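Student: Here are the chains, one letter per residue:
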Amino acid sequence: MVNLRVEHDELRASVRRFLADRSARDWMESEAGFDPEVWRLMAEQLGLCGIAVPEEHGGAGGGPVELGIVLEELGRSLVPSPFFATVALAGQALVASCDDAARSRWLPGIADGSLTATVAVAEESGSLADVATTAMAGTVSGTKMFVIDGHTADLLLVVAGTEAGLGLFAVEGDAPGVHRTRLDTLDLTRRLGRVEFDGAPAVPVGDAAFVPGVLDRAVVALAAEQVGGAQACLDAAVAYAKARVQFGRPIGAFQVIKHKCADMLVRVEAARSAAQHAAAAEPAELPVVAALAGAYCSAAYTHAAKENLQIHGGIGYTWEHDAQLYLRRAKSSELLFGSPVAHRARLAGLVGIGAHQ
Amino acid sequence: MTDEEFRARLRTFLTDNHPGHRPTDRAERLAWQKAWLATLFDAGYAGPSWPCEYGGMGLSFARQVVYQDEYATARVPGPLGTGVGIAAPTLIRYGTPEQKSRFLRPMLRGDKVWAQGYSEPEAGSDLPALRTTARRQGDEYVVNGQKVWTSAADIADVLFTLVRTGTPESRQHGISYLLIDAHTPGVTVRPLRDLTGDAHFCEVFFTDVRVPVADRVGEENGGWPLVRTSLGHERAAGAMNQAALYRRVLDDLIELARERGATADPLVCQRLADFETRVRIMRYTGMRTIADILAKGEPGPASSTSRLFIVTFEQDLHEFAVDLLGAYGLLGRHDPHAVQRGRWVWGFLRTRASTIGAGTAEIQRNTIAEQVLGLPRDPGDR
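Chains A and B, in that order, give the protein sequences. Heads up: the first sequence is residues 1 to 357, going by this note's numbering. Heads up: the second sequence is residues 1 to 382, going by this note's numbering.
Chain B on its own, in the form it takes in the complex (with noise of 0.2 angstroms):
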């Protein structure tokens, strides 16, 4: 099969099976997505970068760019959760047979919805520090603790929790990586609302939570090393698709420009059009990373820069689409007044968390900077 002859297949199937419309009751929203994602496993159509022998497709990186591109352009739902973007790998790399044959095909269908139990509220940037404690009883342990930016954990049926089952000073080196049944007695779960007002997030505490040591991924106080696994470059696989969609809303803000009369101030041409030439770099960064990783098997540091790049831009994209609201900037998106629903007010207010979820923008210059440019470490890490 050619990839030509794959692409057309994959869109039939996309085509013919599109699930609708998004259900606006939070509960049908998730049968509804649930049901999207065993109709995709049962066809064969799920996890492009997993091995075939855990459920997934088994596609070379041209054929994972090609899978991408189609799924995004079919806009069904994508994956519930964060467990097959980020716990899968690791996972898929050091998880037992056991473990692998238990819970990755549930995952990969829907069935079970992972979320991630990393963050917490002394330990963001600095995670080396989290104070979550499993305490070895046995063949099990017991974790208490807190975790906090959890996404999806008020559906989540396993968190893949970072815990410290080393000494309080031994930060990374004393910390190990659980699979924990979040429905576990003990474990409780809080919504927590953010500044647009919507609750995508949780608090998680433990108290006395029990876990088999069998749930355990890797070695005891080998967790930290499993953190950032990745199945290959599956993230770059899709580093079209974010730059086709911000190609989509730079023509939305575009249009309400020119509904409002703005266009007809030079000054905001000028804006416009610098949005216009970074919607497209991101786009010509995205080629040229596949193009790399296809010629020459890694990305160059283009792709190490670009998640900077596309934050930069989002964040001040929908600032400037409130600057051109004038007044109307002064509604919230539940007022009758507001224009197109309060899109572009909600917009700025949640992309302030662009540069600060999954790792604050200051991080990331660091780290390009000590990996990429090879600027030393600062004195003060340990």
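This is chain A alone, in the form it adopts within the complex (with noise of 0.2 angstroms):
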């Protein structure tokens, strides 16, 4: 347990590294929306394409708890990439299949940065729940909306009806009958497209049992992304708190500062204890475990990232300060899988409650 302990450190603090003076911004507005080079060196120097995925398909073996960490730290820095959508929503959806055929196909392209993916749930009426898209004959039809990466994806996994319910299907991002766009999103540094399928060519991907956990799945991993989120937000209070002089004192003297930041400390401490232990939850554990670390974790993100502005005052409202672009990705984070009223209704039901005994 020690040494698996200093691995993670280790991992957590090259991650870290690799990340610190690259730039969230100058990337966001570009053609693809992130650094070609930036991806590269993830999947082949520092192997974190690779690192949710078996060793015998070319990842590291890991699991949710070394991804969590890794998305931790990108939550920190918002350095936009595929990574996401690839390694957390496909890959992660990829292994708990046990589909070998579609293991065996996708998951080395996944490991290398070879192959970029995603996961379409989302209907265009906005529900997750409620799908419309309907698959069969090795065809998909139907439309999905705020698919992210879903305008880029080499490969998309739909969610889609057939007759035995929900199933999940391999779609080529440029096959025919795939009609895409991007959408422009409050999110700047995290794309969605929108995606009409038109009797598009499919592959089932595993059996339709294992469909809920690829939404439980995503939300654990938009959890530890949260907290990464939340705590940049909360760095950048302090330090600027110590660092901004009126009425000749840094405003972190000020009491009512001090207690923003502490509040936002303690709000950040619990959604990471939240999403540590999903991530290192039993499978059985993790329908409860992903709707509170949803719940929680995007409502600690969304008021970090609010606060971190308004502790910033004037300066915090401008385009070219950061503060919005955490804002931005802590209220789309917030609405991506689910509202945390959705998340809490969800719990509500899973433990019992309004359940008679």
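No lab work stands behind these hints, which were simulated from the structure alone. Computed from a predicted model, the values in this text were never measured in an experiment. Where is the CB? At the ideal position from N, CA and C, for every residue including glycine. Check before you lean on any hint, since a few could be wrong.
Here chain B is said to cover these stretches of chain A; the calculated rule only asks that three of the stretch's residues, wherever they fall, bring their Cβ under 8 angstroms from a Cβ of chain B [unchecked claim]:
#1 261-273
#2 292-304
Ranges between beta-carbon positions, derived for each pair [said to hold, decoys possible]:
#3 B/P301 <-> A/V6: 16 to 24 angstroms
#4 A/A20 <-> B/L294: 26 to 34 angstroms
#5 B/H337 <-> A/L350: 34 to 42 angstroms
#6 B/L294 <-> A/P283: 21 to 29 angstroms
#7 B/P336 <-> A/K242: 53 to 61 angstroms
#8 B/P266 <-> A/P283: 27 to 35 angstroms
#9 B/R352 <-> A/A208: 48 to 56 angstroms
#10 A/R22 <-> B/N221: 33 to 41 angstroms
#11 A/A208 <-> B/G58: 56 to 64 angstroms
#12 B/A31 <-> A/P212: 54 to 62 angstroms
#13 B/T367 <-> A/R249: 17 to 25 angstroms
The task is to assemble the complex, starting from two chains supplied on their own in separate frames and drawing on the hints.
Tutor: The structure is reproduced here in structure tokens:
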């Protein structure tokens, strides 16, 4: 257990070092939306894309805990890349599918960074649950919205309905019958696409039973990112409070500013407890811990992002300052896989609140 | 002996010697608690974090965690007064050999009850402003002043008290730490009724109370640094227990909500799910704190924020419970129609103190901001 802790500390430190001088802003307005060199280094030099891919498919053989460490650091820095969609969403889904054919076919490309991928869940209605997209006879038809990297991913894993219930279907991004557009988004460092499927060729992945877990794992992965982002907001707020002088003293000397920072720390640490526990949870516990981590970490991040902006005063309100990037990411993350209200409603159902004994 | 063997033996002892139901009569209850503490001590099961030479068990942190877990599960009484929890570390670190041999064992065994004389009407959050004086006369101090919010002073044998031996302006540089015999002539104890109607606390008045200089801990005017002494991470060893306690309280609240049909309201379910989220996070944070201490010897920042997290939780929960009662929240706990004998209404009132006692929430936030986040101290501070 002690060795694992040392390895984890080293992983965290190496990712942090790698991201340290890289700016989110430099690449967010580029054509691709990210620096391809950064992506290549993440995959080849640091082996991050394979962190949670089994060794037999070219990965490092880690799991959600190691992935969570990487995601937390990426959440801190906001450096854009296909990592979340490719590794956290699609990669985890493939690993969990227990579908050897699918795993052998796509995991090696994910692990070495040559393949980008994503999971398409939300429908045009905005709903995650009422799936109108259908799959039959080896094709998928319907419209998916708010798909992370949906407009660029090489591989799309699509949640679609069949006679036997919901399933996951692999569709190549440039396949016939796939028409995709980039959406203009609140989040400037994470791109979303709208994807229309019109009889697009599709390969089923896994069985119906594992589909709910796909979303739960996505929520847990996002929670780790949210903790990193919230921590970054707290750190920025504290740094500014120490440096900014008004009325002859650093504004951090004023009690309200101190209390705002203390309250941020309370929530960040609680969020960290939730996200780390969720990443380490047993599969049976996953639905409950995903719901609670999703609810809590979303709220903690948005709170931290707002307070960070507030503490920065006027400069926090500018386009140039990074406070707005975190605010946009926080609010978007809060809405991406179901709001805190939806997570809590699900949690209530899972633990029997409202049910009679 | 492995941790599991230790756990099993302790559990057997606690089960076999369980003192039974808590008596309702106050005098009986006190005797019952003292008898239990003596049983615990005589069997060698008291003072898990105390060095063995003072009657304790000298347990490693890991074993203390096991001990706290079993002790809480067994639902046996805890220590009387605030000596074991607050004064003992100071005495163990800074007491003379004579003081340690005189005071520690009787405190641990429950033969002597200790109460804390710190706060005063004019010195709460600003404790260094305390005014109770101790004037040196030969080999005695003559103590005059007043303490407030002293819990268990009415049953105490020893009042561990902060007094001013320096000039009136000397603040923390003129404070001494005295162990005052509560039965000394001139000590007057008055119960202090709090807003729940109960009287757990007292006011203590000192009128020309004579205290031997030999009963001063540490140097004259050197009492302030002694105040926040602790024995390793003994507090953190019990980190899981509050989480377990609130788990039970929340379970009771959810059951109450069901019984009253309130869970048909999705907004009620939202609030309950939020409490569910927070009570689980309490447990995860406890686990994280313990794991950090075991691995690194130090808890992380999570341990400094957990108290605020917990007090906010217990206030929110009890207020929500009263709200759930609707019109029945209008009843006091002595009314025959009161729901669950008024526990939630009483709890709502009692938890007003959660953000005040043992350090106000505002001071806690200042401390977190300054000591954990490194924000600058108030320029008005001396």
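Student: Please go over all the hints and tell whether each is borne out by the structure.
Tutor: Hint-by-hint comparison with the structure:
no.	hint	verdict
1	261-273	holds (count 9)
2	292-304	holds (count 3)
3	B/P301 <-> A/V6: 16 to 24 angstroms	holds, 20 angstroms
4	A/A20 <-> B/L294: 26 to 34 angstroms	holds, 31 angstroms
5	B/H337 <-> A/L350: 34 to 42 angstroms	holds, 35 angstroms
6	B/L294 <-> A/P283: 21 to 29 angstroms	holds, 26 angstroms
7	B/P336 <-> A/K242: 53 to 61 angstroms	holds, 59 angstroms
8	B/P266 <-> A/P283: 27 to 35 angstroms	holds, 28 angstroms
9	B/R352 <-> A/A208: 48 to 56 angstroms	holds, 52 angstroms
10	A/R22 <-> B/N221: 33 to 41 angstroms	violated, 55 angstroms
11	A/A208 <-> B/G58: 56 to 64 angstroms	holds, 57 angstroms
12	B/A31 <-> A/P212: 54 to 62 angstroms	holds, 58 angstroms
13	B/T367 <-> A/R249: 17 to 25 angstroms	holds, 19 angstroms
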